[in-house]
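> Take a look at the letters that make up each chain.
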Amino acid sequence: MSPDMLFSLLSKSLLQTLQMVAIAGLLGSLVGLPIGVFLATSGKGELFPAPVSNRVIGAIVNAARSTPFIILVVAIIPFTRLVTGTSIGTNAAIVPLTIATIPFFARLVEAAIREIDKGLIEAARAMGATPLQIVFKVLLAEAKPGITLGFTMTIVSLIGYSAMVGAVGGGGLGDLGIRYGYQRFMPEVMLAVVVVLIVLVQLVQSAGDALARRFDKRNRKT
Amino acid sequence: MNPTNQTVQQAQAGSLSAPPEPLPNAAPPMVSFEAVTKRFGTDDENQFTALDGVDLSVARGAITGIIGRSGAGKSTLIRLVNGLEKATSGRVVVDGIEVGGLSETGLRDLRRQVGMIFQHFNLLSSRTAFENVALPLEIAGLDGKSIRDKVTPLLDLVGLGDKSKRYPAELSGGQKQRVGIARALATSPKLLLSDEATSALDPETTQSILDLLKRINAELGLTVLLITHEMEVVKTIASDVAVIDRGKIVEAGRTFDVFTGAKHETTRSLLSAALGTKLPEWVGSKLKPQPSIGDRVLVRLIFFGSTAFQPLTGRLVAELGADVNILAGSIEEIAGEPYGSLVVAYPADPAVLERANRFYTATGLQTEVLGYVA
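From first to last, the protein sequence lines are chains A and B. Just so we're aligned: the first sequence equals residues 1 to 222 in this note's numbering. Just so we're aligned: the second sequence equals residues 1001 to 1374 in this note's numbering.
Certain hints may be false.
Distance windows between CB atoms, simulated [said to hold, decoys possible]: (1) Asn1046/B <-> Ala63/A: 27 to 35 Å; (2) Pro1311/B <-> Asn219/A: 55 to 63 Å; (3) Arg1148/B <-> Glu46/A: 28 to 36 Å; (4) Gly1221/B <-> Ala63/A: 57 to 65 Å; (5) Glu1170/B <-> Asp209/A: 45 to 53 Å; (6) Glu46/A <-> Ser1199/B: 37 to 45 Å; (7) Val199/A <-> Asp1143/B: 46 to 54 Å; (8) Phe136/A <-> His1264/B: 41 to 49 Å; (9) Gly1221/B <-> Ser53/A: 41 to 49 Å; (10) Ser1199/B <-> Glu115/A: 44 to 52 Å; (11) Ser1103/B <-> Gly89/A: 53 to 61 Å.
Since the hints were derived computationally from the structure, they do not count as laboratory data. Even glycine gets a Cβ: it sits at the ideal position worked out from N, Cα and C.
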């Protein structure tokens, strides 16, 4: 394969990957964030006690997370068609990616919030804060570094998931690697795809780490 | 304790400059607990009674200390005041309002009038000192300018005017507690609750925080209710004290009276550490309840009120005509008044004892016979 052709294939696939990861990452996190907050605050004796809903939503989240992604992609095809009008292509692939992101990110948000010292919640209650004020002014503010790292991890995982949506014609880097590198015996394409993916993941991770460090004021030197 | 302990209380009426008494019924108490009981757990097996029929009132404008060992129920007691915990039975009344009868909204209004500081400061790590102090004001819905007008003088008051842009991680323990105090004062409360506020601090920092609390109490006329397991804290700043043990108030009153006339075993044991009145191990282990011939008697002399200022020890030696040795002793300040304790030993000879008793009667010295040593 000529270098020009390889470059054009790579750049097209990279754009598809970026498009899928960005849209699914943003939409999924937007929905996952409140679910994570709910999971972290609705236990017995917590801010919004609703133990039954907490358990039900927790179970759904667990179910979604334990379903293999490739099965999820196929299983929700009717829903995907309802949303995008088609079940194949990059746009169609964004739907299962978004659905998979929601529970993943929700659990990470929950964990980040549970890390916060209970004393801070008590202090805010003692100031006369409403539960919503506690969520916005205390929990989300204090969990920002943890949530940022969780978002980074979500994006990295999404890059991995996006390789599987070639199954429904989603395109992307993973699809390129399988079709050219594996099925057409072109190891140089496979290598190029892997290198681009490594660089991409490195960039995302470094940016996320840097951002989280900026938000984290806990280890500042005097 | 030793069963043969006898306390020789001498009449001291008239010879004492009495501590200033509050005017009776001058104002209703800031906080009153009426037969308050708090149980945790629902079923019988796991049920735990944290507070058991507590009656207590906290005087307006005073610094009241509640002292007890860990697990005695102090934390629960203080959390009933701002409704962080609810009483199982009984009434908690804060400035005329019964806390148990308040709705969530009413409770939030009350909490904005009651500041609270904590053992581990509970500052938001993501906010600067300034922003931490601003938090209760943001919660109360004040605008940016009103918040600035309020926070800046508060940081100056606690001596952190130059640290307003620092994050908690950049501050020392004492500075963090100062931020905590400024935050607690932000909404101009009438009552400040202190939950072991100095327990995580070193002695020197503890002293500076206590001085700050004392100053705030005096300057702002703020009522302070503090819980602690350190007698030192109560001794230094509390004008009134209540001793709590296993969910019950076992002793309460003016700090000086409770400390100098401690009746309950818990009070005594908490006190002995703080007042340096614990006997050295080598003496305590040899102590006998009854004298045999040639033994020496161990007597604790307690100086307070007028006796604290007289050169009594020198005179005692002269009066007894026997050798007196000093085994332990300390001079402390309790709620601003001097209190000395001296353990001396002299021959348990009838003639010497007779002269000693005459001397104690004449001077009004309070004494306690601890036992005898060979």
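> Which of the numbered hints above does this structure break?
5, 6, 10
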